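Q: Sequence:
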Amino acid sequence: MESTPVWAQTIPCVSTDPDTDFTDTIRQCEHLAAVALETEHASSQREMYQRLHHGLSELLPGLNDPVPAHMVDRLTVETPPTRFPTLDSESDLLCEYCIALSHLLSGGKMSVTVEETLQGLLYELTAYLADIINAPRWLRTPNGLQHIAP
1 MESTPVWAQT IPCVSTDPDT DFTDTIRQCE HLAAVALETE HASSQREMYQ
51 RLHHGLSELL PGLNDPVPAH MVDRLTVETP PTRFPTLDSE SDLLCEYCIA
101 LSHLLSGGKM SVTVEETLQG LLYELTAYLA DIINAPRWLR TPNGLQHIAP
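Numbering (UniProt numbering), first residue to last: 1 to 150.
Just so you know, these hints were derived from the structure itself, not from any lab. Treat the numbers as computed from the prediction; the structure is a model and nothing was measured. The C-beta atom is built at its ideal place from N, Cα and C for all residues, glycine as well. Careful, some of the hints might be misleading.
As the list claims (entries may be wrong) - Label pairs and their computed distance ranges (CB to CB): (1) Gly62 to Met110: 12 to 22 Å; (2) Asp92 to Asp131: 30 to 40 Å; (3) Ser43 to Glu78: 43 to 53 Å; (4) Arg46 to Thr113: 41 to 51 Å; (5) Ser43 to Leu125: 35 to 45 Å; (6) Ser43 to Val77: 41 to 51 Å.
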């Protein structure tokens, strides 16, 4: 008799505490996306994607709000950044993402290959969003803080 595999690890979650700042929330989302991508236990993976969806949905309404004063120092640097966040996917992978999304949006049945491709896309986009959210926003200069434009 075959046994059903059991997920023996705790499923990561995204904090719903209103005191959790947006940088911590997106890091938790990024971690959840990474763990879900590597998980082969289907029901645990679905639960992780549901939690990720909830975390990202909680994050979205405040993304365009001003940065709270207590977080300005965390997002301030002394020297200009040498690089800015980018989505560094190879062209063939970007094409696979486009094919998977167009297939899904055209009403096609999602194959395992398309599902895996979309899981990879979700992870890459979540990691890119985390990089953008956590990127420095100000440069400390002798004349005060200067906004950094990517």
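Q: Now, for every hint given, state plainly whether the structure supports it.
A: Taking the hints in turn, this is what the structure says about them:
no.: 1; hint: Gly62 to Met110: 12 to 22 Å; result: violated, 32 Å
no.: 2; hint: Asp92 to Asp131: 30 to 40 Å; result: violated, 22 Å
no.: 3; hint: Ser43 to Glu78: 43 to 53 Å; result: holds, 47 Å
no.: 4; hint: Arg46 to Thr113: 41 to 51 Å; result: violated, 18 Å
no.: 5; hint: Ser43 to Leu125: 35 to 45 Å; result: violated, 24 Å
no.: 6; hint: Ser43 to Val77: 41 to 51 Å; result: holds, 43 Å
Comparing the model with each numbered hint stated earlier shows that hints 1, 2, 4, 5 do not hold.
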